[in-house]
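S.K.: Listed below are the residues making up each chain.
Number of protein chains: 2
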Amino acid sequence: MQTASNNLANGGGSLMVAWQLKDKKVLLVGGGEVAYGRVESLLGTDAHITILCPEKGLHPTTKQYIENYPERIAYFDRRFTGPAELHKMDLVLTAIDNPSSSKDIVEHCRKAKIPVNAADIPELCDFYFGAQIRDGPLQIMISSNGNGPRVSSLMKQKILASLEGYEGLAMSKIGLLRVRLKERVPGVGGSVGRKRMKWMTRMCNQWSLKEFTLLDDAMIQKLLDEGWERDRVPTFEEVSGRPSTSVETVHSESTLKSSLSGSNLFVPIANFVAGAVFMAAVFLVRRR
Amino acid sequence: MQTASNNLANGGGSLMVAWQLKDKKVLLVGGGEVAYGRVESLLGTDAHITILCPEKGLHPTTKQYIENYPERIAYFDRRFTGPAELHKMDLVLTAIDNPSSSKDIVEHCRKAKIPVNAADIPELCDFYFGAQIRDGPLQIMISSNGNGPRVSSLMKQKILASLEGYEGLAMSKIGLLRVRLKERVPGVGGSVGRKRMKWMTRMCNQWSLKEFTLLDDAMIQKLLDEGWERDRVPTFEEVSGRPSTSVETVHSESTLKSSLSGSNLFVPIANFVAGAVFMAAVFLVRRR
Numbered sequence: 001m002q003t004a005s006n007n008l009a010n011g012g013g014s015l016m017v018a019w020q021l022k023d024k025k026v027l028l029v030g031g032g033e034v035a036y037g038r039v040e041s042l043l044g045t046d047a048h049i050t051i052l053c054p055e056k057g058l059h060p061t062t063k064q065y066i067e068n069y070p071e072r073i074a075y076f077d078r079r080f081t082g083p084a085e086l087h088k089m090d091l092v093l094t095a096i097d098n099p100s101s102s103k104d105i106v107e108h109c110r111k112a113k114i115p116v117n118a119a120d121i122p123e124l125c126d127f128y129f130g131a132q133i134r135d136g137p138l139q140i141m142i143s144s145n146g147n148g149p150r151v152s153s154l155m156k157q158k159i160l161a162s163l164e165g166y167e168g169l170a171m172s173k174i175g176l177l178r179v180r181l182k183e184r185v186p187g188v189g190g191s192v193g194r195k196r197m198k199w200m201t202r203m204c205n206q207w208s209l210k211e212f213t214l215l216d217d218a219m220i221q222k223l224l225d226e227g228w229e230r231d232r233v234p235t236f237e238e239v240s241g242r243p244s245t246s247v248e249t250v251h252s253e254s255t256l257k258s259s260l261s262g263s264n265l266f267v268p269i270a271n272f273v274a275g276a277v278f279m280a281a282v283f284l285v286r287r288r
Numbered sequence: 001m002q003t004a005s006n007n008l009a010n011g012g013g014s015l016m017v018a019w020q021l022k023d024k025k026v027l028l029v030g031g032g033e034v035a036y037g038r039v040e041s042l043l044g045t046d047a048h049i050t051i052l053c054p055e056k057g058l059h060p061t062t063k064q065y066i067e068n069y070p071e072r073i074a075y076f077d078r079r080f081t082g083p084a085e086l087h088k089m090d091l092v093l094t095a096i097d098n099p100s101s102s103k104d105i106v107e108h109c110r111k112a113k114i115p116v117n118a119a120d121i122p123e124l125c126d127f128y129f130g131a132q133i134r135d136g137p138l139q140i141m142i143s144s145n146g147n148g149p150r151v152s153s154l155m156k157q158k159i160l161a162s163l164e165g166y167e168g169l170a171m172s173k174i175g176l177l178r179v180r181l182k183e184r185v186p187g188v189g190g191s192v193g194r195k196r197m198k199w200m201t202r203m204c205n206q207w208s209l210k211e212f213t214l215l216d217d218a219m220i221q222k223l224l225d226e227g228w229e230r231d232r233v234p235t236f237e238e239v240s241g242r243p244s245t246s247v248e249t250v251h252s253e254s255t256l257k258s259s260l261s262g263s264n265l266f267v268p269i270a271n272f273v274a275g276a277v278f279m280a281a282v283f284l285v286r287r288r
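From first to last, the protein sequence lines are chains A and B. Just so you know, the first sequence maps onto residues 1 to 288 in the UniProt record's numbering. Just so you know, the second sequence maps onto residues 1 to 288 in the UniProt record's numbering.
This is chain A alone, in the form it adopts within the complex (with noise of 0.2 Å):
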């Protein structure tokens, strides 16, 4: 897959990037069906959220947020009423049905230098949303840049069932690691930074992303004492006391290889399982 990297140069494309929220105030005008969606964008990062919207607009689901959660979602029932509402605001999304609306109120962001996205007025946007995959630390996000939201789904169903459903959990666990490694020998930058680097890049070069799965506080201190004392990387068997071959019970069928063989029934029924568990799962969120 040579060129299924980075076309360089040849423009057309946007600057993906994972914005961050925590304690930054985020000011969403509507409440209707595109809305919700936002708010459930927003949810998944630490940012205040100001809802702006006449209740009778509302979307079932958008209330049943606000409810939920209070202590996130600031809510008032009426619509957008001018520049005022923008006072500390760092990040406006608009989703309202009044195009005019939406143009007034991204003018009043561009003089005020925040960041604004209209829905459905793409040429409006500083930036757009795509199809997104959450699995715990692990997000993943679909841009079809303007070619349609039907066809970043399909790309998301895609990716979905190729995942085997342990990804976000391993990555947590070598996020626990860098963080153990870390207390242990402190500094930012420099040839430390560059040796924790090293080391941690061997260990994922050579230990499988299930291995990890398995990784606790007793395992990371062997790493460690054995590991990153003695610059070597121990294979899971030593830390774990065993065999490799163990983790594969637990977590059921080798990853990439079967994925790609084909000739496997562990890939489509996962997927057949994963697809199943998605939906209860969203149904199980909006219910809440």
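No lab work stands behind these hints: they were computed from the structure. Hints may contain errors.
The list makes no distinction among identical chains, and a pair is therefore deemed to hold if it is satisfied within one copy or across any two copies.
[Claimed, not checked] Below are the DMTMM-like pairs computed for lysine to aspartate or glutamate, each with C-alpha atoms no more than 25 Å apart in a straight line:
| # | residue 1 | residue 2 |
| --- | --- | --- |
| 1 | K198 | E123 |
| 2 | K113 | E55 |
| 3 | K22 | D90 |
| 4 | K198 | E40 |
| 5 | K158 | E85 |
| 6 | K182 | D97 |
All values reported here derive from a predicted model rather than from experimental measurement.
Keeping the supplied structure of chain A fixed, place chain B upon it in accordance with the hints.
M.R.: This is chain B only, laid out in the frame that chain A set:
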């Protein structure tokens, strides 16, 4: 795959967005190893890039980009000299080895309300980067939310392996069909917009991505005449005059395996065509 959906309201995540940089000015401070990755990401957008870096600090790859894309990159052989450098900038990225200089630049950006990313200093960043995949109009970004770049890159390999090499091309063709449909039935939003969206969704549900890759002007014409106008979705066979199984032959099957082995020419060719079609679509859209 219980968790591979949106784990709502647990926070800790980022807002994943596709930042639009058409006609925007981006300042990159630094020219080393991290910087050239930033240049690659920026070249994929339509940003005007300004690089500040003493020549001796330029990585050979950064140097090459500066030489190869003089119309895209303005290069200045000096360090960041002060807040005047930020004049008219829309986005700032630092990629230098000096954390205290980075911090200074970030403070200037905050005052000027310019979003900024300081490489290696996550607590100073308005946004993070992640591992990226690009195939024509398709862009995918993978973020580990601070659990380490190495694990994002592992996930990138996994997702790349699940792609079959024609997704970007299919996306371009779907985009082209949307453009032609909009030309035939213009107008923003409202009932026309909804009807267009509905028909496109039906198309996407009934045709495979592979079938879309073979779409040409004559087929689009036929789809609109015999599909859109009659509120139905013609089959691939009906529109192309070829059996649907020919799609498999054309694409010599299991592109997945071949794209991994690298033995098949289809993938690079498809990607080449995807790039071409994508740019055509971009131009068509802009001309309107």
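S.K.: Each hint needs a verdict: does it hold in this structure or not?
M.R.: Outcome of the hint check:
1. K198 - E123: between (43 Å within a copy, 22 Å between copies)
2. K113 - E55: Neither, since 29 Å and 33 Å both go past 25 Å.
3. K22 - D90: both (11 Å within a copy, 22 Å between copies)
4. K198 - E40: between (37 Å within a copy, 24 Å between copies)
5. K158 - E85: Classified as neither: same-chain Cα gap 41 Å, cross-chain 44 Å, threshold 25 Å.
6. K182 - D97: Classified as between: cross-chain Cα gap 19 Å, same-chain 50 Å, threshold 25 Å.
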